[in-house]
Amino acid sequence: MQLEDWLLGDLAALRAGLDLDTVRGPEPRALICPGRTLDAEPPAPGLIALLRECGWDPSKNRQRSRWLALGRMHSSYRYECGVSIDASPAILGVLEEVGKRWLALTVLDRQTREHRSSTVEEQSSNHAALTALLDQTLLTMPEFAAAARFGTGEHEHGADPTIPARPRLTVIHQICGVMALLNGVGAVQELVNRCFPTIWTQHAQRSTARTDWRTVLISIAPQTVLEYATEGPDHARQHIATVTDRRGRSATGTAGSKKAAAQLASEHFIRLYYPAAVDRMRSTTSTSARPPLPLPRELTSHWRAIDDARLEFGLSDGAAGAWRLMATKLRMATIALPGARQHIEAQQSPETTQALEQHDLVKGQFEGLAGVCNQLATSCDSYADAVDNTCRVRRRLCRTRAVVRPIGSSRRKPKR
Numbered sequence: 000m001q002l003e004d005w006l007l008g009d010l011a012a013l014r015a016g017l018d019l020d021t022v023r024g025p026e027p028r029a030l031i032c033p034g035r036t037l038d039a040e041p042p043a044p045g046l047i048a049l050l051r052e053c054g055w056d057p058s059k060n061r062q063r064s065r066w067l068a069l070g071r072m073h074s075s076y077r078y079e080c081g082v083s084i085d086a087s088p089a090i091l092g093v094l095e096e097v098g099k100r101w102l103a104l105t106v107l108d109r110q111t112r113e114h115r116s117s118t119v120e121e122q123s124s125n126h127a128a129l130t131a132l133l134d135q136t137l138l139t140m141p142e143f144a145a146a147a148r149f150g151t152g153e154h155e156h157g158a159d160p161t162i163p164a165r166p167r168l169t170v171i172h173q174i175c176g177v178m179a180l181l182n183g184v185g186a187v188q189e190l191v192n193r194c195f196p197t198i199w200t201q202h203a204q205r206s207t208a209r210t211d212w213r214t215v216l217i218s219i220a221p222q223t224v225l226e227y228a229t230e231g232p233d234h235a236r237q238h239i240a241t242v243t244d245r246r247g248r249s250a251t252g253t254a255g256s257k258k259a260a261a262q263l264a265s266e267h268f269i270r271l272y273y274p275a276a277v278d279r280m281r282s283t284t285s286t287s288a289r290p291p292l293p294l295p296r297e298l299t300s301h302w303r304a305i306d307d308a309r310l311e312f313g314l315s316d317g318a319a320g321a322w323r324l325m326a327t328k329l330r331m332a333t334i335a336l337p338g339a340r341q342h343i344e345a346q347q348s349p350e351t352t353q354a355l356e357q358h359d360l361v362k363g364q365f366e367g368l369a370g371v372c373n374q375l376a377t378s379c380d381s382y383a384d385a386v387d388n389t390c391r392v393r394r395r396l397c398r399t400r401a402v403v404r405p406i407g408s409s410r411r412k413p414k415r
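Residue numbers for the sequence shown follow numbering that gives the first Met the number 0, so the first one is 0 and each next one is one higher.
Derived by calculation from the structure, the hints in this document are not laboratory data.
These figures come from a predicted structure and were not determined experimentally.
Watch out, some of these pointers could steer you wrong.
[Unchecked claim] When the alpha-carbon atoms are kept at most 16 Å apart in a straight line, the in silico EDC-like pairs for lysine to aspartate or glutamate are as follows: (1) Lys257 / Glu230; (2) Lys258 / Glu189; (3) Lys59 / Glu79; (4) Lys99 / Glu52; (5) Lys257 / Asp211; (6) Lys99 / Glu120; (7) Lys99 / Glu230; (8) Lys59 / Asp38; (9) Lys257 / Asp233.
[What the hints assert, rightly or not] Label-pair restraints from in silico Cβ distances: (10) Asp211 / Ser58: 36 to 42 Å; (11) Thr118 / Arg51: 39 to 45 Å; (12) Ala228 / Pro41: 42 to 48 Å.
Heads up, the beta-carbon is just placed ideally off N, CA and C, and yes, glycines get one too.
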């Protein structure tokens, strides 16, 4: 089995702070103690209160409190202050990746529960937008801002809105990674669930009001020219887009990316010189949110994979058999329905109009009941297939871990 170089590097970094050979327990024993020196770090009462509300209390567990103190540190702070830890410095990057992945997975789970997109591309686009909105929401929470520990440069510019928020977001992801690795996955999910109604509303508002102004401008004024310029330092670079037509009319837009600047400049140009086009767009654009679309047949495997990802890997192999037994019982009940219907029909006299109407009514009800039972049986079979698939994935992961386990084994002393 050949593994990519980047994956080997990540696994090697992961082994620097984790012991993959230990088994998972109520409080995972995979994490080593990061060092007693972290006890000297000042506490963060606001952050601890927030995490306790989400279901993860680090105040009464020294292992959690030490790892949380490490997760609150930006790498620049650790280097400048000389904080020594009993793990590789690369563990901060591991914590960031773990936290970022769990946040993204929880957003995807909530997103697919709220709305099933018509295409995989639409789902990916919505997921990227929702994840970005979640990051923005977490950046505004004072509990994280007060608990973060930065170096000199990041500390001076941390509150400046024109400075990229990457260092602050890195620390938030590290904190979430600590929670996920120390029996706090549920707390990470609760944190996302608290923010999700707000970001879902923001995303819906942006989706209904989204307009590709650049495309609109090309359709109504194809002879316009778009030029770009930049200003500001490298860490806060701003792009300036200028739209000009043959008559010398122009409009500008400034944003953090060239694409956003072009959109702003195009919108400004259209609103200035083509206001009638804006009115036509308003009259033809729906302002109501689109209802969820029915599930296309070709996306069945895609959604089944998502449903499989929601299942716990600890399911027993007998769970699938229980669902298949339920499907069998439902089908057996469906077989008995025609006989029951015939028995009821035999008790009625078909001589009167009322009896004939009642006969048709009973027949329709039994046929509908039989159809529902068949649908339930099919659903049970599908769920059983999902459970079987999850068990197969679990076994493959175990085999993969057995293959990956020799990585870094050269550092160990050979047994005599």
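To see whether the hints hold, each was checked on the structure:
Between lysine 257 and glutamate 230 the CA atoms are separated by roughly 12 Å; this keeps the pair inside 16 Å, and the hint holds. At roughly 35 Å between alpha-carbon atoms, lysine 258 and glutamate 189 are farther apart than 16 Å, so this suggested pair is violated. Restraint check: the Cα-Cα separation between lysine 59 and glutamate 79 comes to about 29 Å, which exceeds 16 Å; the hinted pair is violated. Between lysine 99 and glutamate 52, the direct Cα distance comes to roughly 21 Å. Violation of the 16 Å bound is thereby established for this hinted pair.
For the hint pairing lysine 257 with aspartate 211, the CA-to-CA distance comes to about 14 Å; that is within 16 Å, so the pair holds. Between lysine 99 and glutamate 120 the CA atoms are separated by roughly 21 Å; this puts the pair beyond 16 Å, and the hint is violated. Simply put, lysine 99 and glutamate 230 have alpha-carbon atoms about 31 Å apart, too far for the 16 Å limit, and the pair is violated. Taking the CA atoms of lysine 59 and aspartate 38, the gap is about 13 Å. The hint holds against a cut of 16 Å.
Taking the CA atoms of lysine 257 and aspartate 233, the gap is about 15 Å. The hint holds against a cut of 16 Å. Remark: the range hint 36 to 42 Å for aspartate 211 to serine 58 is contradicted by a beta-carbon distance near 50 Å. Between threonine 118 and arginine 51 the CB atoms are about 41 Å apart, so this pair conforms to the stated range of 39 to 45 Å. At about 45 Å, the CB distance of alanine 228 to proline 41 agrees with the hint of 42 to 48 Å.
Checked against the numbered hints above, the structure breaks hints 2, 3, 4, 6, 7 and 10 and satisfies the rest.
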